[in-house]
Amino acid sequence: MARSDHILIVDDDQEIGDLLREYLARQGYRVTAVPDGSYLETAFEPPGTPPDLVVLDLMLPGTDGLAWCRWLRQRSRVPILMLTARGADIDRIAGLETGADDYLPKPFNPAELVARIKSVLRRTRAFPDGPEPDDPHELRFGTWQLLTGSRELIAPNGVRIALSGAEYRLLRIFLSHPQTVLQREILIEMLWGRNRNSPADRSLDIQVSRLRHRLRDDGREPALIRTIRGQGYLF
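At position 187 of the sequence shown (counting the first as 1) the number is 279 in my numbering, and the numbers step up by one without a gap.
Honestly, the hints are just simulated from the structure, not real lab data. Any given hint could be a false lead.
[Stated by the list, open to error] So the derived label-pair ranges between C-beta atoms look like this:
#1 S96 x G311: 36 to 46 Å
#2 E230 x Q166: 20 to 30 Å
#3 P197 x S168: 18 to 28 Å
#4 P199 x D309: 33 to 43 Å
[Claimed, not checked] Capping the alpha-carbon separation at 20 Å, the derived lysine to any residue pairs in SDA-like fashion look like this:
#5 K210 x W284
#6 K198 x P153
#7 K210 x L283
#8 K210 x L279
#9 K210 x P197
#10 K210 x Q119
#11 K198 x L158
#12 K210 x P153
#13 K198 x L279
#14 K198 x E114
Don't be surprised by glycine CBs; every beta carbon is placed ideally from N, CA and C.
Construct the entire structure; sequences and hints are all you get.
If you want it as structure tokens, here you go:
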């Protein structure tokens with residue numbers, strides 16, 4: 093790391109918070125562990141200093157992790173790694189649908205959490221907030237535009253639509269491979285950096301569904317993102 097990345101852990105289990113703070117600190121991270129989401133207001137509202145990544149527990153007292161995830165997504169593109177109980181499908185799906193970039197079921201090995209953090213940060217920085225010097229400030233496809241600096245879509249009627257990190261990365265992947273059938277396992281590797289392709293894991297389908305919704309692309313008869321049965325997706 094060129095500098096020490098700041099990781100914010102939001103988990104009401106003090107034992108887990110202390111364990112992760114100590115473990116991540118040994119890996120070279122700056123770590124803040126807090127028991128509830130109220131600290132997010134301090135970090136993300138001016139003049140606060142946002143962290144580089146948020147590890148957010150789903151089951152928080154009072155306002156739960158899903159609500160805080162939605163709150164964050166309305167204000168920031170900070171990477172969010174959601175901690176879910178027992179890997180329940182409904183928890184994982186809910187976290188991804190509210191804008192989390194990745195998830196990790198409890199209980200977990202701290203070494204895997206570090207690997208996930210590195211992967212999320214690496215993917216996020218592969219598509220930085222501002223365009224690269226040789227990257228156009230806007231990409232056009234059909235009657236839509238994608239602003240690479242702000243990660244916003246401009247709809248045909250001029251309305252701006254903010255994208256989450258995963259939605260933005262997925263759209264950039266599709267735009268880089270037009271009229272090409274992208275296999276599910278390839279998309280999963282490009283989005284998350286590891287093989288998550290199992291019959292029970294609908295993470296990719298959820299992200300495609302979210303992107304279709306942003307693009308007003310009817311999932312029953314999609315015009316932009318087509319499902320190629322048994323293979324993957326075609327943009």
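Hints and how they fare:
no., hint, verdict
1, S96 x G311: 36 to 46 Å, "holds, 43 Å"
2, E230 x Q166: 20 to 30 Å, "holds, 23 Å"
3, P197 x S168: 18 to 28 Å, "holds, 25 Å"
4, P199 x D309: 33 to 43 Å, "holds, 38 Å"
5, K210 x W284, "holds, 11 Å"
6, K198 x P153, "holds, 17 Å"
7, K210 x L283, "holds, 13 Å"
8, K210 x L279, "holds, 19 Å"
9, K210 x P197, "holds, 17 Å"
10, K210 x Q119, "holds, 11 Å"
11, K198 x L158, "holds, 16 Å"
12, K210 x P153, "violated, 28 Å"
13, K198 x L279, "violated, 25 Å"
14, K198 x E114, "holds, 18 Å"
In this structure, the earlier hints numbered 12, 13 are contradicted, and the remaining ones agree with it.
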